[in-house]
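Those sequence lines, one after another, are chains A and B.
Just so it is clear: in the first sequence, position 28 is 28 by our numbering, and no numbers are missing.
Heads up, our numbering is the position in the second sequence plus 102, with the first residue counted as 1.
These are computed hints drawn from the structure, not numbers from a lab.
Don't take every hint at face value.
Capping the alpha-carbon separation at 27 Å, the derived lysine-lysine pairs in DSSO-like fashion look like this [stated by the list, open to error]:
#1 A:K78 x B:K234
#2 B:K148 x B:K182
#3 B:K234 x A:K46
#4 A:K87 x A:K50
#5 B:K186 x B:K148
#6 A:K50 x B:K186
#7 A:K87 x A:K46
#8 A:K50 x B:K148
#9 A:K46 x B:K109
#10 B:K148 x A:K46
#11 B:K186 x A:K87
#12 A:K37 x B:K186
#13 A:K50 x A:K37
#14 B:K148 x A:K37
#15 A:K78 x B:K148
#16 B:K109 x B:K234
#17 B:K109 x A:K78
#18 B:K234 x A:K50
Partner residues are not named here, just some residues of chain A that face chain B (Cβ under 7 Å, in silico) [claimed, not checked]:
#19 S28
#20 A30
#21 H42
#22 R56
#23 I59
#24 E65
#25 L76
Here a beta-carbon is modelled for each residue, glycine too, at the ideal position from N, C-alpha and C.
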Amino acid sequence: MEPLPNNWADIQPDTIYQTTNGLLVSFSQAQIQLGIKYDQNHKHLKAIEKGIVAHRGNIGLVPSEVEGYALKSKVLGKGGDRRFHGKILDGVLHFSGFVTEH
Amino acid sequence: MTIIELKNHPVWQDLTEVLENLEANALVTEHLELCDYKICGYWDEKDEFYEEIILPRSLFAELVSSSIGVTGRNRWIQLKFVLKADRIDSEDWSNANSRQNLGELTIIYNESLQFVDENWQINIDSPLIIAKHQQQ
């Protein structure tokens, strides 16, 4: 399994990557484009790489409150005005390109 | 097209009523305590990453704006606070001007007042803030 790249441009659509703590993740083409457009410093990839964290006061993956989605990537400070939501599909956290402001 | 006259619309009265009953101070205190006055991971205005920001426990939060909104089927309440603390070096503790602005905290709750999300804007240069830079 390939490690999760730290740059949106290096991510291939629907390829399964593994974070250092063992989480399996994948991204749609739409999600990769959103990342390139809105997350030029790859802060969300760093949050995903960090993994599941406590809901408050942390950068990382936290529960998504949106029905059908499991986790959302959370950035705090500059760039923290968007959340990317992921669904669990066959044990893989898949980011389909669904974005919210919180 | 129907033009809605918003100025005298009862929605404002309803909103005021909801927001007045929120007990914003209790909510922000709860949030700060559950965070243990720490932010684990923070990007400043220059895109510098900090592993940890430690806030002074003496800080107090002042509600500056509140809003209610709808995203799809989700309803939410957003509260924005300014974080302040008294300067350590101040000789006149009663002087409001000696208070230092530490930044802002925005908290979002759902319609059941369950925590949904947050964001912070921290004045990294404040001597009252301990900011641990990313270890290379």
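Hint check results:
1. A:K78 x B:K234: Judged against 27 Å, a Cα distance of about 17 Å means the pair holds.
2. B:K148 x B:K182: Status holds; Cα separation ~22 Å.
3. B:K234 x A:K46: OK: K234 (chain B) and K46 (chain A) at ~17 Å, within 27 Å.
4. A:K87 x A:K50: holds (17 Å)
5. B:K186 x B:K148: Distance ~22 Å between K186 (chain B) and K148 (chain B) Cα, so the pair holds.
6. A:K50 x B:K186: violated (30 Å)
7. A:K87 x A:K46: holds (18 Å)
8. A:K50 x B:K148: holds (21 Å)
9. A:K46 x B:K109: This hinted pair is violated, its Cα atoms lying about 45 Å apart.
10. B:K148 x A:K46: Holds, because 17 Å separates the two Cα atoms, which is no more than 27 Å.
11. B:K186 x A:K87: violated (39 Å)
12. A:K37 x B:K186: violated (35 Å)
13. A:K50 x A:K37: holds (22 Å)
14. B:K148 x A:K37: With a Cα-Cα distance of about 18 Å, the restraint between K148 (chain B) and K37 (chain A) holds, given a limit of 27 Å.
15. A:K78 x B:K148: Given pair K78 (chain A), K148 (chain B) holds - Cα atoms ~8 Å apart, limit 27 Å.
16. B:K109 x B:K234: Violated, at about 48 Å.
17. B:K109 x A:K78: Violated, because 34 Å separates the two Cα atoms, which is more than 27 Å.
18. B:K234 x A:K50: Satisfied, since the Cα-Cα distance of roughly 17 Å is no more than 27 Å.
19. S28: Hint on S28 (chain A): violated, closest Cβ of chain B at ~19 Å, above 7 Å.
20. A30: violated (18 Å)
21. H42: violated (10 Å)
22. R56: At about 5 Å, which falls below the 7 Å cut-off, the nearest Cβ of chain B leaves the hint on R56 (chain A) intact, so it holds.
23. I59: OK, holds: I59 (chain A) within 7 Å of chain B, min 3 Å.
24. E65: holds (5 Å)
25. L76: holds (5 Å)
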